[in-house]
Amino acid sequence: MKRKDLSKVLMPDHPMYTEAVDALRRYHEAEAGGVTGAELERLRLIAEHQFQAVTDYQLGALGGPTPRSH
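Take 1 as the starting number for the sequence shown in the UniProt record's numbering and just add one per residue.
Since the hints were derived computationally from the structure, they do not count as laboratory data.
This one's a predicted model, so the numbers in the text were calculated from it and none came from an experiment.
Distance ranges between label pairs, derived from CB positions: (1) Asp13 <-> Arg42: 22 to 28 Å; (2) Arg42 <-> Pro15: 19 to 25 Å; (3) Gly37 <-> Ser7: 41 to 47 Å; (4) Val9 <-> Val35: 32 to 38 Å; (5) Val9 <-> Leu40: 27 to 33 Å; (6) Val9 <-> Arg68: 19 to 25 Å; (7) Gly37 <-> Gly63: 37 to 43 Å; (8) Ser7 <-> Thr55: 17 to 23 Å; (9) Thr18 <-> Leu45: 14 to 20 Å; (10) Glu29 <-> Asp56: 22 to 28 Å; (11) Gly60 <-> Glu31: 27 to 33 Å.
For each residue, glycine too, the CB sits at the ideal point set by N, CA and C.
Could you put together the complete structure from these sequences and hints?
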């Protein structure tokens, strides 16, 4: 059984990961604060994009499929 090299996997304290968590926190704080419309959607999209980037990176680091560029 081949062992996976985990040296490229992002740890929870990595800036890419913490920035995604912060973006999600900003979205939820804005939502709780009554922000609506385009601004709330903008914050949601930022958080979603950052978490997708983390997920894509982690999949690649673990040898899984990564999305193709357009």
